[in-house]
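Colleague: For reference, the chains in residue letters:
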Amino acid sequence: MFSVYKKEVQSFFYTPFVYVVTALFMFLFTLMFNNALGNLSQATFYFTFPEIFYNGIFYFIFLIPILTMRTFADERKFGTEVLLMTSPVNVIQIIVGKYLANLTAFLFMLAGSAFFPIFTAIKGEVVVSQLACAYIGFFLWGAMFIAIGQLVSSFTESSIIAAVIGEIIMFVFIFIDDFSMTEFIAQYPTIQSFVYSFAAQPRFAYFSQGFIRLSDIVFFISAIIISLAWNYISIEKRRWKKG
Amino acid sequence: MVTIEKLTKYYGNNRAVNNISFTINDNEILGFLGPNGAGKSTTMNMIAGFLPMTDGKVTIFGSDITKEPVKAKKNIGYLPEIPPVYPDMRVKEYLSFCAGLKRIPSAKKSDEIKRVMELLKITDVKDKLIKNLSKGYKQRVGFAQALLGNPKFLILDEPTVGLDPKQVTEVREIIRNLKKEHSVIFSSHILSEVSAVCDRVVIINKGDIKAVDTIENLENSLGGSLILHVKIKGNRTTAANIIELTKGVEEISKIDAEGNDFFDFTVQLKTGCNADDVRTAVMTELLKNNIMISEIFTEKPDLESIFMKLINSTGSKSGIEELYEEIKAENPDTKEEK
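These protein sequence lines map, in sequence, to chains A and B. Numbering-wise (our numbering), the first sequence opens with residue 4 and increments by one. Numbering-wise (our numbering), the second sequence opens with residue 15 and increments by one.
The hints are simulated quantities; they were obtained by calculation from the structure and are not laboratory data. Keep in mind that a hint or two might mislead.
[To be verified] Straight-line alpha carbon distances no greater than 25 Å define the calculated SDA-like cross-link-like pairs of lysine to any residue that follow:
no., chain 1, residue 1, chain 2, residue 2
1, B, 128, A, 4
2, B, 145, B, 180
3, A, 80, B, 148
4, B, 123, A, 103
[As the list claims (entries may be wrong)] Covered stretches of chain A (chain B as the covering partner; in silico rule of three or more C-beta atoms under 8 Å from a C-beta of chain B):
no., segment
5, 4 to 10
6, 85 to 97
7, 100 to 109
[Said to hold, decoys possible] Partial selection, computed: residues in chain B whose CB lies under 7 Å from chain A:
no., residue
8, 24
9, 62
10, 64
11, 66
12, 84
13, 88
14, 96
15, 98
16, 116
For glycine and all other residues, C-beta sits at the position ideal for the given N, C-alpha and C.
With these hints in hand, go ahead and build the complete structure from the sequences.
Modeller: In structure tokens:
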């Protein structure tokens, strides 16, 4: 498992890949940051980083599938899947190793964003507890979508298709929140609460407001476990069906 | 020892491998021969534990590949048809990753990597990106990967495809040396390669086993009946009569006309006769009748012909002898074309 992890991390950090994605992430963050500064209330000079995260999520979702698109698609494309499957490691170890590597790359991105609070802390004041809470939430949110992105990557041989399908799923998860609020769905409270329970964004909103709720953590972690388990099934199934 | 029992693979309704069984003994190189699309790669993928089998059993040094995959795979080194290399990695990095996958203790890792790099002569490209290497080098990097950790059982799927003649010789030499410590199954569609390297061969076509035998047995079953080639200038009928009446000649299987009055005779000799005597007798008689000989030599029928027969035959046969009878029975139809 460790060797898979190490190899994946190497492939992120020895190539420009993770730096380019992080640069894009920081660029987006800069824009949001400037926006927040521009809208600063003249009375209090107060803005929050969690809000930046919350407002930026729509843009950040573009980055996750880019990060995960290659995970399994490239293994299939280059025929290296055979190497992994015929070595004395089991599939679960491969999946977990790759997942942890993706998380590492994501943490690197998050570390990049820490530049802004640090910069602000020098010139002003930062509420650390609230910020930490937002980071935990953002990390869990990202971890969930990385698991989904990795799952999608195991469906196809083309990393581009994996990225596009990944984006679509991200959009569904973003819009499911608004969708459950429409009048049409609101007519049926049971369906509404069912659909709403899949919405990840409101759960992240709690974190950004400074609440750590057990139910939200359970939601994110179960989504991760389900995605990774499905990932396992999809790889095994394809081996059995392979023609 | 590696045993393969009743291995069967269906892709949907399509049968790729049909009920094949054979064993690979310790310190033996087994050639796995068949035309393209015969089911070689499928079988090898199943033996290596990459593809699950529809039915059957593969046991590698006592561990069943489906029941104890991790234990069984520890003894396997696999070089698939397309070398499983990551284009964005450097050779040394890649081998180090593979060593980790194969759970080679980190203390032995660098020695082991050094050993396989030297064996395959890739030490001078160790810091190059794999995507910048030529096909031959990629193949060798893939081969090096299979040898890491010195697994007892090696599966090599067409290891010489795409190499230049010099590299082919080198790789064959490496494979031959592997015999000392390993059991090897080695697939190819090139017959001469298999006969140069292997102890025994398994010939398959369309998923069926056509023959399992040693190279010697394959040759011996043909060895008794040598073939004599005579190229003459002169009267065709006279020459044919003389040759046919010579002691030790079984039959004239073919006469090719070359130019005006040059004729090339392919003659089947009787089993067990002395080829030199026959050749001398034929020469003397022909010269007596003023027929000029421009070429005369005897040869063993090549394995190529038996291979072609085997893969063209429909039924599945257990022994080479049995097949040989069939081939001999079919042979006369090639007689006297011109």
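Colleague: The structure should be examined with respect to each hint, and the outcome stated for every one.
Modeller: Hint by hint, here is what the structure shows:
Proximity of residue 128/B to residue 4/A is assessed by CA-CA distance (about 23 Å); at most 25 Å being required, the pair is judged to hold. For the suggested pair residue 145/B and residue 180/B, the alpha carbons sit about 22 Å apart, so the restraint of at most 25 Å is met. The straight-line distance between the Cα atoms of residue 80/A and residue 148/B is roughly 19 Å, inside the 25 Å bound, and the hint therefore holds. This hinted pair checks out: residue 123/B and residue 103/A have alpha carbons roughly 24 Å apart, not beyond 25 Å.
Beta-carbon proximity to chain B at under 8 Å applies to 5 residues in the segment 4 to 10 of chain A; the threshold of 3 is reached and the given coverage holds. Under a criterion of three residues with beta carbons nearer than 8 Å to beta carbons of chain B, the stated coverage of the segment 85 to 97 of chain A is upheld, 9 such residues being counted. By the rule of at least three residues with a Cβ nearer than 8 Å to a Cβ of chain B, the coverage given for the segment 100 to 109 of chain A is violated, with 0 such residues. This hint is violated: residue 24/B has a C-beta 9 Å from the nearest C-beta of chain A, more than the 7 Å allowed.
A distance limit of 7 Å between C-beta atoms decides the matter here; for residue 62/B the minimum to chain A is near 5 Å, and the interface restraint holds. At its closest, the beta carbon of residue 64/B sits 5 Å from a beta carbon of chain A; the interface hint therefore holds under the 7 Å criterion. A hinted interface residue such as residue 66/B counts as satisfied when its beta carbon comes closer than 7 Å to some beta carbon of chain A; here the least separation is about 5 Å, so the hint holds. For the restraint placing residue 84/B at the interface with chain A, the shortest Cβ-Cβ distance is roughly 5 Å, inside the 7 Å limit, so the hint holds.
Using the Cβ-Cβ criterion of 7 Å, the hint placing residue 88/B at the interface with chain A is satisfied: the shortest such distance is roughly 5 Å. The restraint placing residue 96/B at the interface with chain A holds, with a minimum CB-CB distance near 4 Å, inside the 7 Å limit. Because the smallest distance between the Cβ of residue 98/B and any Cβ of chain A comes to about 4 Å, under 7 Å, the interface hint for this residue holds. With 7 Å as the threshold, the beta carbon of residue 116/B comes within range of chain A, its nearest partner Cβ sitting at about 6 Å, so the hint holds.
When each numbered hint is compared with the structure, violations occur for hints 7, 8.
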